[in-house]
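Colleague: Throw the hints in and build the complete structure from the sequences for me.
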Amino acid sequence: MWFATTSERGVTPIEILEREIKQLRRSKIPIVNVRWNSRHGPEFTWEREAFMKDKYPHLFTKDPSGSSKN
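In terms of this note's numbering, the sequence shown opens at residue 20 and continues consecutively.
Incorrect hints may have been included.
[Unchecked claim] The calculated label-pair distances, taken between Cβ atoms and stated as ranges, are:
#1 His77 to Arg45: 27 to 37 Å
#2 Ser57 to His77: 25 to 35 Å
#3 Asp73 to Ile40: 17 to 27 Å
[Claimed, not checked] Subject to a maximum C-alpha distance of 25 Å in a straight line, what follows is the list of computed PhoX-like cross-link-like pairs (lysine-lysine):
#4 Lys74 to Lys47
#5 Lys47 to Lys72
#6 Lys74 to Lys41
#7 Lys72 to Lys41
Don't read these hints as lab results, they were simulated from the structure. Just so it is clear, the structure is predicted and the values come from calculations on it, not from any experiment. For each residue, glycine too, the CB sits at the ideal point set by N, CA and C.
Modeller: Below is the structure:
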C-alpha cells in the first residue's frame, strides 16, 4: 500500500471508488480504493479505510440522497 505524504507529492484524493475487507489469518482489515488527482493524471490506490477516514473524513460523508459515498 502507498502511504507517502500526499502534500509532498501534490496529490489530493477525489473519491472512494470501492470498499473491501482484506482477510488475514486472524484479522480483517477494511480497505478502500481511492482515486487521487495528481499533476500527472489520475492515480488509483488501495488504502486502509481507518487511515483515510482520519485524514480525509469528507470522502465518507453522506450525499443529499441519503446514501453513503463509499
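Colleague: Next, verify each hint and record whether it holds.
Modeller: Hints and how they fare:
| no. | hint | result |
| --- | --- | --- |
| 1 | His77 to Arg45: 27 to 37 Å | holds, 33 Å |
| 2 | Ser57 to His77: 25 to 35 Å | violated, 19 Å |
| 3 | Asp73 to Ile40: 17 to 27 Å | holds, 18 Å |
| 4 | Lys74 to Lys47 | holds, 21 Å |
| 5 | Lys47 to Lys72 | holds, 17 Å |
| 6 | Lys74 to Lys41 | holds, 20 Å |
| 7 | Lys72 to Lys41 | holds, 17 Å |
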